[in-house]
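The residues making up each chain are set out below.
There are 4 protein chains.
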Amino acid sequence: MAPRLTAAEVKGVFEKISNWGRWGKDDQRGALNFITPQKRAAAARLAQTGEIVSLAQPLSTQTALDNPQPVQHMMLHAGSPAPASLDFFAIASHGMAFTHLDALCHVFWQGKMYNGFSSSEIGRWGASKCSIDVARDGVISRGVLLDIPKLKKVDFLELREAIYPEDLEAAEKAEGVHVEEGDVLLLRIGRHVRKKLKGPWDPRREGMAGLDASCLPWLHERRIAVQGCDGVSDVSPSPYGSEIIFPIHIGTLPMMGVHLIDNADLDPLAATCARLGRYEFLFTMGPLILERGTASPVNPIAVF
Amino acid sequence: MAPRLTAAEVKGVFEKISNWGRWGKDDQRGALNFITPQKRAAAARLAQTGEIVSLAQPLSTQTALDNPQPVQHMMLHAGSPAPASLDFFAIASHGMAFTHLDALCHVFWQGKMYNGFSSSEIGRWGASKCSIDVARDGVISRGVLLDIPKLKKVDFLELREAIYPEDLEAAEKAEGVHVEEGDVLLLRIGRHVRKKLKGPWDPRREGMAGLDASCLPWLHERRIAVQGCDGVSDVSPSPYGSEIIFPIHIGTLPMMGVHLIDNADLDPLAATCARLGRYEFLFTMGPLILERGTASPVNPIAVF
Amino acid sequence: MAPRLTAAEVKGVFEKISNWGRWGKDDQRGALNFITPQKRAAAARLAQTGEIVSLAQPLSTQTALDNPQPVQHMMLHAGSPAPASLDFFAIASHGMAFTHLDALCHVFWQGKMYNGFSSSEIGRWGASKCSIDVARDGVISRGVLLDIPKLKKVDFLELREAIYPEDLEAAEKAEGVHVEEGDVLLLRIGRHVRKKLKGPWDPRREGMAGLDASCLPWLHERRIAVQGCDGVSDVSPSPYGSEIIFPIHIGTLPMMGVHLIDNADLDPLAATCARLGRYEFLFTMGPLILERGTASPVNPIAVF
Amino acid sequence: MAPRLTAAEVKGVFEKISNWGRWGKDDQRGALNFITPQKRAAAARLAQTGEIVSLAQPLSTQTALDNPQPVQHMMLHAGSPAPASLDFFAIASHGMAFTHLDALCHVFWQGKMYNGFSSSEIGRWGASKCSIDVARDGVISRGVLLDIPKLKKVDFLELREAIYPEDLEAAEKAEGVHVEEGDVLLLRIGRHVRKKLKGPWDPRREGMAGLDASCLPWLHERRIAVQGCDGVSDVSPSPYGSEIIFPIHIGTLPMMGVHLIDNADLDPLAATCARLGRYEFLFTMGPLILERGTASPVNPIAVF
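Protein chains in written order, with our numbering: chain A, 79 to 382; chain B, 79 to 382; chain C, 79 to 382; chain D, 79 to 382.
Worth double-checking, as some hints may not be accurate.
One copy or two, it doesn't matter: identical chains are merged, so the pair holds either way.
[As the list claims (entries may be wrong)] Calculated pairs, SDA-like style, for lysine to any residue (alpha carbon to alpha carbon, straight line, at most 20 Å): (1) Lys-273 with Gly-355; (2) Lys-117 with Gly-128; (3) Lys-190 with Arg-82; (4) Lys-230 with Pro-346; (5) Lys-89 with Pro-161.
Read the hints as simulated data drawn from the structure, not as lab findings.
Since this is a predicted model, take the numbers as computed values, not measurements.
Start from the sequences and build out the full structure, keeping to the hints where you can.
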């Protein structure tokens, strides 16, 4: 499946979808600004049955092809006969096996972060702009799932399989939803089903399904607040090589100021949506407040 | 302020408030079972203005009297001229400076966890029962704040100052709320105001305000699902010495199966509640899914 | 191969070989005191050809049956185009796959460390007595290798195979060496050869070859300074069950004050000794100065 | 004190002192090749009294101006009533407060490591060339201390104070030693005395005494194997700004293939040398075998 756009065209798209300055020159929250109190209150009204679903994978401690740097988990007290147990864990949050929220400082385009902040705002001791703690008050909004394997009547999308704007619109139509301003858009590619059926693989070498760069204008028009995926949103490997390694990451994080949720587990969510016949819900997420951090592991919860 | 009960009486209370077997002999979720879908749906209806407040402290990386084991945060890529930034952090979640959710396996009473599971279910590789991932689907319910310094017309409670059941009821009356089945009860002692005014101290040596053991039957009658505090819920040091080090921890975690949120920051919440004249709200929290873990750092979000 | 001694007899041995008080009641260095400047100067004279051999395994970062908690190694800068590379590692030093020096505070007997210090000298923040930094000035002495598989004309000792005092003496005779006061005694069981030929195993479940408890008086008489092994010196599982889990660990660390090197790799050393026909050499080791620590990863170097 | 050379001249020096190809095009050990077995055997003959001195600082766990990323040390078992204690530590080895050995892959010049290997040999998972484990067999050689504050009759060198070739030669003359092929050269600037007298400072902002770039040809002529310092060998900040940030680091690591010991503690060594009237000794060091690593914390031991 060939890319729709040339590298030059993608660069042009980056310019067009830029939200730099949209919320003032000092803004570091980007498209989170689309989530107004009214949006949240409306989203809360979607919580009708009170059913809940986690969108996160467990924090795996096992080395694997897709988890080269597993979480290190150790007991500090191991219980009996002591009266308590304590533990410790260490995580490189951006790992391919961890459900995490990317901060807007995570990726640069031409040496710039969102809103034109220089990448030199990041040093050995962390990010002084656009760090993950800009989301410290949490992300509460409407969530919408677009289940692409269901649309395509397959178990999962193949590695390197690209999703185009017409797929997003077809999914909307099939599901009876419309992605709107301030939404958290959750895109399912069926990654974990593929792993169960075909075994683990190294996404850095073999790639993963995801959005073609031509979806960026669509995401921009819909004014989403956050983009999430059971993959990493980008189709990989990049059709543009090292010139534009992750076009969706660049188009969202630095250009539009849209935070990304990578490596979610959307299978239980998809099952619930299918069962209830409803693809919108109350989305809740409280990223850890790691000042100067570039990401946080998260466990987003959907409420129906 | 003397304890209301003798050590023997507290032990008797432990027996009376036990929820062992209440949800079946295999249950590991304890009082989270009080939160029904109906409870969640009703809680969501409290989200009316869409205003949001975080209940967490930042994850501090600085050594301090009350943070002897700070979070270790390191950059894996520090940005420019690389096209991305990555980081890593390590946390001993139970630290006194970290807002975290205690798993039911965290504390034992007479060698037992909640529901009678043996403390030997915990070994060097973690907890095989009652680990933090029993809360993997999140905690969505009604939250209620009881602001004790406001009730007592003080800036903060003093170290070692105990809170009694009549204080809880007086706070309910003053605030116009009633703690009910399935609620997340948040108790404010004003710890962070005290720190700002008087400087940091070591709670292990100098103590902290919190609940007297006589509050346990009250918590049990109200059938709360989760108990949280800007301290650690227990008044300390324990009036019972090493015989019963943390009576509230024991009464809640192993006996009632009530998860605890320790070291929250409830000051912004208190300000919002006071401003809106409303002490109930939608409470949302997604603990990290650390299988076999004894706790998770959390950032609970209140929605008004 | 049955144990030579009953549990009661082993406990009697512990009493007899105790070095408590031998170097004063405040001493924390134990048998390191056997290494005098004269001993070191004599050991240095063994360095004649200048050939060198490492006695350590690499610090493995891979999860394995015998490495459940691998070293966590991460790049902090990954080089190009940055002008430097930096990294980070984290280690639970006592891991079965790591060559490390046990501090005298690592194991207790009846609640006591070496020289009668209470195990309560160890708290959540470390060891206030007998920590690894008592060896901060390094261990420089004569090293002696006893190669038991070579003596027995086998590739490796079997799991659970015990070594007795007569084996030690037969090895001395075969090799033409005599273990003496202040020596670092290195005992080879052929563990890594077994792993190469038969694959990895979990020593905690399946055991490992090592010294029978009846060797303790022999070690005491010879006044060794440090005991090392490619296993953990103890035969395992213990013939005494949980009553005396690791008799050699107890006899050496708390009773005799003899530091232990666990999980060395003695295969290159054995090859060099065999080739040169010489089983004594200059032994050098500089443990990391981790104050309050219970161990240090080490890379001891033998000089011929 | 002005630099002796222009930036252009320093770059010319880099070319002239290059050891690329000197030990074959595949060599990764660099100047360690100067240490022959004969050199080691001769060095061992310097161990005459058997007195020993550590050259390392303790691994500090406290945040400080000169230790922004302290060692994280945690107890995994804290002893009583358990029969053992275990711990864990984590270290970013290159920290300014840690005595460590820099691997030859640590610094690049114009995108190249020692022997012309590309800096792209380093990736997120470590260094595939010139990693710290090239020194896995240890460094055993003659050590020589040049004590510059003693030469200059001061307690310590001032921040930004440069050392020139004539200082090195004057120190040699005053001490009666001559730095020769295969030596480990230890340069004392008195850093820790300054800290005791004047308090801690941030070397990255305020600088530190060290070698002027004009010393590089001298180091090259003397064919040293390893360069060590109680600072970081380089005078800082660099007189050449970002054009040549650490001329001594570049001249030694990538150009000459000389490993560096940073942040040693040479005060006890200086005291011993002065007392014995002898500035040469047996130097021993066993770096941890961290494959693909860029450094190792070390505790080098001098034997007199």
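Status of each hint after checking the structure:
1. In this homomeric assembly, Lys-273 and Gly-355 never come within 20 Å of each other (Cα to Cα): the closest approach is 26 Å inside a single copy and 51 Å across copies.
2. For the homomeric pair Lys-117 and Gly-128, the shortest alpha-carbon distances inside one copy (19 Å) and between copies (7 Å) are both at most 20 Å.
3. When the C-alpha separation of Lys-190 and Arg-82 is checked against a cutoff of 20 Å, the pair qualifies neither within a copy, at 25 Å, nor between copies, at 38 Å.
4. With identical chains, the CA atoms of Lys-230 and Pro-346 are at most 20 Å apart within one copy only, with a shortest distance of 18 Å there and 47 Å across copies.
5. When the C-alpha separation of Lys-89 and Pro-161 is checked against a cutoff of 20 Å, the pair qualifies only between copies, where the shortest distance is 15 Å, while the shortest distance within a copy is 60 Å.
In summary, the structure is inconsistent with hints 1 and 3 from the numbered list given earlier, while agreeing with the others.
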